[in-house]
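**Q** Chains as they are written, first to last, in numbering that gives the first Met the number 0: chain A, 0 to 268; chain B, 0 to 84.
Heads up, some of the hints might be wrong.
As the list claims (entries may be wrong) - Distance windows between CB atoms, simulated:
id, chain 1, residue 1, chain 2, residue 2, range
1, A, Thr98, B, Glu44, 36 to 42 Å
2, B, Ile24, A, Gln167, 54 to 60 Å
3, A, Gly30, B, Asp58, 52 to 58 Å
I should point out that these hints are in silico values taken from the structure, not numbers from a laboratory. For glycine and all other residues, C-beta sits at the position ideal for the given N, C-alpha and C.
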Amino acid sequence: MAKIVVVTSGKGGVGKTTTSAAISTGLAQAGHRTAVVDFDVGLRNLDLIMGVERRVVYDFVNVINGDANLKQALIKDKRVEGLYVLPASQTRDKDALTTEGVEKVLNELAEEFDYIVCDSPAGIERGALMAAYFADEAIVVTNPEVSSVRDSDRILGILASKTRHAEQGKGSIPGRLLLTRYSPERVVKGEMLSVEDVQEILAVDLLGVIPESQAVLNASNAGTPVIMDENSDAGQAYQDAVARFLGEDREHRFLTVQKKGLFGRLFGS
Amino acid sequence: MNFFNYFRSQKKKSAQVAKERLQVIVARERVHRDGPDYLPRLQEEILNVIRKYVQVDEDAVSIQLERDGDCEVLELNVTLPEHRA
């Protein structure tokens, strides 16, 4: 039975696509067959972050409309075994994602894969609602910043009421917080909400904390999911998050100010 | 705000301000989101009734609906203006 995971946030630019790419890659690295699906119709970007943009032939909407089958549209990742990308359509038709169409594609994916990671668009419009609707679990990506936290709370409300799970009377789907762009230096100075602050406000379990890191931009520049940069702080933090997602109990890292000397910088730590 | 207050208020860290603002707005939005549709109107009416007797601010009345198992508790808080001697 495949597990459908939505990566969502409400607010744009907080790291949903970076997270979707990293988490799906991590799940595949752990040996789970994983498909990552871009729900951002009209603003496709997961393909770029995954580095497969030049191999896109067919997309999600083509499959829904029957212009192509799923096998034709899925892009196989060349680096990690068992990882596939389903790109979003660049159509401007907002209603292209029908509930029936999305359900059909997800059902078909569920036959082949262990995990289906749905990369939600920003906002609370159709694409975002569709990405969440069939999910079994949610990862709520949040920056330690007021508008992001407020939007995440909004999204948690939607997860509690507007998913198939909720409509069947089974309540909210389990949602966990992934705090990204975290800067312990600024938290210490009292300039940034701490992970405890955000958790207290949102009252959800913590999946992980990803530190503000140059590795994220470097990874997106190169089209390599940041989790593959095993020496970077962000890459390691994502690896921890994937391990926790899979049920492992791992301590949170990168929550305090790292003082790295020259020696540490030269030889890593 | 006088000159000294200005410097005193600057002392509060911005993250603390952010947290307090978020706690207020998130709590308010949750009431509207999770509560029954009539809550905002109920709040409005209660406010109007209170205003017949005491002049209070718009945000002097807060309504919270809490669920505890099968039991629902409607909590009503009215902040009355300070007594003048």
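**Q** Take the hints in turn and mark each one as holding or not.
**A** Hint check:
| no. | hint | result |
| --- | --- | --- |
| 1 | A:Thr98 / B:Glu44: 36 to 42 Å | 39 Å, holds |
| 2 | B:Ile24 / A:Gln167: 54 to 60 Å | 31 Å, violated |
| 3 | A:Gly30 / B:Asp58: 52 to 58 Å | 54 Å, holds |
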